[in-house]
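Asker: Residue strings, one per chain:
Protein chains: 4
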Amino acid sequence: MKRIGVFTSGGDAPGMNACIRAVVRAGIYYGLEVIGIGHGYQGMINGEFIPLQARSVSNILQRGGTILKTARSEEFMTKEGRAKAAKNLKEQGIEALVAIGGDGTFRGAIALYEEHGIPSVGIPATIDNDLYGTDYTIGYDTAVNTALESIDKIRDTADAHDRLFYVEVMGRTSGFIAVEAGIGGGAEYIAIPEEQTDYEEIKNVLKGFRKDKTSSIIIVAEGDEEGGAFKIARKVKELYGFDYRVVVLGHIQRGGSPSARDRILASKLGVAAVEALISGKFNVMVGEVKGEIKLTPLKETFRRRKELDPYLLKIAKILSI
Amino acid sequence: MKRIGVFTSGGDAPGMNACIRAVVRAGIYYGLEVIGIGHGYQGMINGEFIPLQARSVSNILQRGGTILKTARSEEFMTKEGRAKAAKNLKEQGIEALVAIGGDGTFRGAIALYEEHGIPSVGIPATIDNDLYGTDYTIGYDTAVNTALESIDKIRDTADAHDRLFYVEVMGRTSGFIAVEAGIGGGAEYIAIPEEQTDYEEIKNVLKGFRKDKTSSIIIVAEGDEEGGAFKIARKVKELYGFDYRVVVLGHIQRGGSPSARDRILASKLGVAAVEALISGKFNVMVGEVKGEIKLTPLKETFRRRKELDPYLLKIAKILSI
Amino acid sequence: MKRIGVFTSGGDAPGMNACIRAVVRAGIYYGLEVIGIGHGYQGMINGEFIPLQARSVSNILQRGGTILKTARSEEFMTKEGRAKAAKNLKEQGIEALVAIGGDGTFRGAIALYEEHGIPSVGIPATIDNDLYGTDYTIGYDTAVNTALESIDKIRDTADAHDRLFYVEVMGRTSGFIAVEAGIGGGAEYIAIPEEQTDYEEIKNVLKGFRKDKTSSIIIVAEGDEEGGAFKIARKVKELYGFDYRVVVLGHIQRGGSPSARDRILASKLGVAAVEALISGKFNVMVGEVKGEIKLTPLKETFRRRKELDPYLLKIAKILSI
Amino acid sequence: MKRIGVFTSGGDAPGMNACIRAVVRAGIYYGLEVIGIGHGYQGMINGEFIPLQARSVSNILQRGGTILKTARSEEFMTKEGRAKAAKNLKEQGIEALVAIGGDGTFRGAIALYEEHGIPSVGIPATIDNDLYGTDYTIGYDTAVNTALESIDKIRDTADAHDRLFYVEVMGRTSGFIAVEAGIGGGAEYIAIPEEQTDYEEIKNVLKGFRKDKTSSIIIVAEGDEEGGAFKIARKVKELYGFDYRVVVLGHIQRGGSPSARDRILASKLGVAAVEALISGKFNVMVGEVKGEIKLTPLKETFRRRKELDPYLLKIAKILSI
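Protein chains in written order, with the UniProt record's numbering: chain Z, 1 to 321; chain C, 1 to 321; chain S, 1 to 321; chain B, 1 to 321.
Rather than coming from a laboratory, the hints here were simulated on the basis of the structure.
Computed cross-link-like contacts, DSSO-like style, restricted to lysine-lysine with a CA-CA straight-line distance of at most 27 angstroms:
{"id": "1", "chain 1": "C", "residue 1": "K299", "chain 2": "B", "residue 2": "K290"}
{"id": "2", "chain 1": "Z", "residue 1": "K294", "chain 2": "S", "residue 2": "K294"}
{"id": "3", "chain 1": "C", "residue 1": "K290", "chain 2": "B", "residue 2": "K299"}
Throw the hints in and build the complete structure from the sequences for me.
Answerer: The following block contains the structure:
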C-alpha cells in the first residue's frame, strides 16, 4: 500500500482533529502518503482531495470541529453517487480509507468495499458513545465534561433559588451521556431511553425537595421514550405539582477543545487504524476495550447494542438519596 | 449606626457572593455588625437572620450563586408582609440594609423606607445589565463570557458542518448581553429588543453563507420583539430558505464562578455601599460610571433607561462583513 | 457493623469530595452511621469527629480540595500517636475506616490494623496515578486536563514567537501525568523518570524547529532523573544551542473542579468501598481495573510498581514527527 | 489612502487575533486594501507581506496568539534595518501602518515615521496594562482571568492543607495584574513594584493564619523590587517562621482564548484605528478611556506613567481582614 485517504463524516465530535493528526503522522511514519478528503462522502464525489504532510496537521490537536469538514451526502446514498466516489478515489491512487465517524460513516465504508472493493478501517468518533466494539467513542468524554460544566452552573442558580431543573442532554437513542452527566452532576433522577421513566421514583426523590434538599436536577436524555425534558417536566408538574425550569443543552455538547481522554483516545486509535491497514486488516473498526486495542467487524459495531454499565445505574440511585 | 443587614434578592447573578463578602468585611472593618438575611425579603418576614463574621465569608468569593439565597416573595408585595419584615428588622436592631439585586430588589427597598423608615443602599447585581447609574452590573461580564464559551463551541460544530445557527441569549428586555456576545462571538447578525429585526439585512449577511462563509451565527436576545430565536429562524427559512439549528442558552448564563471583572466590581461596590451608609447616604444605588463610584437615587436606576453604546452597534455591523 | 469513619490523607486530589459524598451516602443507604474525621490521622489523634448525614455532603461533588481537610501527621508516625488515634476511634464506636489517599495513607491504615485491629478499606486518590491495583487514581484525570489547559495556552504564545518551551508537570517518581499531558499537548519530547533522557533524540526532534515546526514543547516530569525542566533545558542549550523558556506548573495541578472521569470514578469507588466493608473485605484497596471493581491487598498497592502503557510511549514518538 | 499594513510585535497578548480581524474588516469596509505583515518589524525587513481579505480572518477571533506572529528584531534596532523595512513597505505600496503591541512596538513606529515618513496608528496590546492613554490594554483582562483560574485551584489545595502560598504573576514593572488578581483571588497581601513590601503588614495578615484563617495566599508581581515570590517567601519564613509553597504562573498568562472584554476592546480599537488613519490622525495610539475612544500621541503612551487605582489598593487591604 502506498496511498491512503482519511475523512470525517456524520455528526462532528471533539477529538476528530486529534484523530486526523494521528492518522496523518502515523501514515507518514510508516511510509504512506496520506490524502485528506473534505466533507466526507460528498467530498469523494466532488473531488475534494488534499495531500497532507506532518506539518499540515500541526496545532490542530486541541481544536474542536474537523479541519476536513463533515457533511451528510444524499448523493452517496445512491448507487451512482458511490460509483462516482469510487472512481475518484481510484483516480487519486487511494488504496484504502480511514473513516472517522459513527454508524452512518461505517455503513458508507461497507458499501464502498462491497460494491467497489475499496477497503476501510473505521474509527469510532461520536459524542453518543453508541458503538459496539469500543468502551468509549472519541468525543464522548468531552461531551460529558461540557454537560457537567453546564450542570454545575445550573446547580449554582438552582441552589440560590431552591429550584428544580430539568436538563436535557444529547445521546440519540442511548443514555450514555445522561448517565455519566447525571452521576457527575449529582442528579436526583436520570431519564434514559433504555429504561421506562418511573414517575413514582421521581416523586420519591423529589419528596426531600424543599424539605432538606434545596435544589434538584433531573437529567433527561434527548432520546428518552417520553419525548424529552419538557414533556417529563410537564407531566411531573401535573402529577405532583412541582414547578420547574428546563435547559436543553443542545449543540454546545458537540464543540469545544477535546478533553485529555479524548485526545489520548483519538491519538491511539489514529495510530492503530494505520497499523491495522498496514497489516491487512480491513472492514473493521479499531476500538479500545478494557484498555486494549481491539478490532471489530464494521457491521457488528452498529448491529450489536452496547449496554450501559448496570453498576453505574445502581450507584446513580444510591447517590441520589 | 451599629448594625446593618445584607441580602440578595431577585434573579441570582455570579459575583453576589463576592459582594456579600465585601459588604461583611467592609462593615466589620468600619466597626459595624453585619447580619446576613436569608432568602431576600421573604427571609425578613420569616426571620432568617444570621450574624456574619469576617471568616463566615471565607472562600466564597469565587463561587456562583449566593450563600444568602434569593427568592421572590409574594407576601412582601402586601402591606402586611412589609410591616412584618420591618418589625423583624427592628427587633434585630438592624438600622440599615445593603440590598443586592435588580430593579425588583430596589423597589422593595424603597417601600421599606417610605413605609417604615428603614434606609437602604442598593448594589446592582443582575446579568442583564439593565440598570441606570452603573456602566456594568455585577454578573453581566460573567454571563457574556459564559455565552461566548458556548458560542465558541457552537462555532466549532457550525464550521464542521457549514451550518447556520441561531443562539438565544438572556437579557430580558435589553440587548446588552446579545450585543457583546454577538461581537465577541463573531455573529453575522444580532437581534435585540432595542431595534426592529431587519430581515433584509439578515438576507444580505447570509448571502455569503455557503459561498465563502462556511458557518454563520445569529444572536437573538430573549426579549426580542419577534419572540425569540425559533420565531426568527422559522421566518428567515420561510423567506429565504436557509436551514438552521437553534440553541437557547438559558440558565447556564446565571451560574458559574464570577469573572475577574465581576469579582472586582462586586468587591468595589460592596465596600462603597458600606462607606455610603456610614456617610449617611440612603436610598441610593452605588454604581461604577466611567471608572468612578457614583451614587444614583434608587428610583432613577429603573425609571431611566440605560442606552446601548451606539459605537458597539456600529462595529457589530462592520465586523460581520 | 454499625458505624464507620471516613477521612482523607496525604496530598489532596480533585475528586476527594465526590468520594467522601459517595462513601457517606452509600454508608447511609446500607444502614450505617458515617463519621467524618478531619485532618486525616492527625484528626484521629486530636479528636476531630463529625457525624455526617446525606445532606452534609450536598453540593460538594464538584468542588476541588477536601471538606475533611488533609494533613501529614508526625505524631501518627509514633507508636504512642497511633495508640491515641486507635483509642479515640474506639471511644467513638468507629468499627472500620474508609481511607482516601495514597501510599502513605495506606501504610497508616495497615499499622492501625496490625497494632490495634481497626480494619480499613483504601480508596486510591492521588494525582500521580502511581498505585498498583487500579488503572486510574482519583484526581489523575483532572490533573492531566489541568496540565493540558496550561500547555494549550503555552502553545499559543510559543507559536506566536516560534519558541521552545519546557513544561514541568507533577508526578513524583512516575511519568503518568507527563506521558498523557505530552501526547495530549502534542509535545515534541517527554522526559520521564522511567526512561533515561535521550539528548540525541531531543536533538533530532528539535532539528525541525525553526525549519518547519514553528513551536516546540518538551514535557518534563518533576521526578525525572535529570532533575527537572531547568536542568534539561540548560543542558540542551549547552549541547545544541536552543534558547528556551521554562514553565513549572506546580500546585495548580492539585486543585480545580474534578473532571467527569474523576467524579464517576470517585463515586464508583466510594460506593464499592462501603460494599467491601459490609461484605467483610478488609485491608484492601478498591480500584478499577479494565472497567471492573477489583480489590487489592493494601500492601501490594505500593510494593508493586504500576507500569506505563508501552503503546502510549510508542505513539508519543510516532506523533512527534 | 489605498493600502495599509497591519502587524503584531513584542510580547503576544490574547485578543491580538481579534484585533487583526477588526483592522482587516474595518479596512475593507472603508474601501482600503489591507496587507498583513508577518513577524512584526523583522517581517518588514524579510518581506513577509500577505494580502488579507475579510475571509482570511474568519474564525480567529477566539484564538490566542497571533496569526501574524510576533518577534523581537535586532536588525530593526539599526538604522540600516529600518531603512530596509521602509523600502519594502514602500515597494508594497503600503501607505500607513496599524501597529499592535506595546511600548517597544510604538518606539519602532515612531522611528519609521521620523526617519522615513511612514505614519502609524498604534493599538495597545499587552497583558501588562502598562500603557498610558487607555484604561485597559488588550490581553490584560484575559491574563487576570487566567491568573484567577490558577489562584482558585491553588486555593483548593491551600485550603485542604491549611497552607500558605506565594503566587507570582506577570506584569513587568507594574502591579496591574497583581492587584486585580489579588483582589479577585482573595489574597491576604499583594506585593507590587509600586509600593515597598511591608513585612510588618505581612506579619499582621498572617497572624490569623492557622488561627482562624485556614489558608493564605500572597500575590507577588514579577517586577516587585524585592525580587519575586521566592525571595519574599524566604524572608517571611526567616523573620516569622511561616512555611510556604511558591507557584510562578509564568507564560500561561500570555495564552488562551481572549475573554469577552478583550474581544470587545480589540474589536473596538481595531475599527477605531482604521477610522483614525482615514481621518488623517497619525502617530497616535487609540485607547479607551472612561468608555470612550481617545487618541494619545505614541510618545506619551510610554513616557507617562499610568497609575494604579488607589481605591483598588484600599479595598485590597479592607478585604484581607
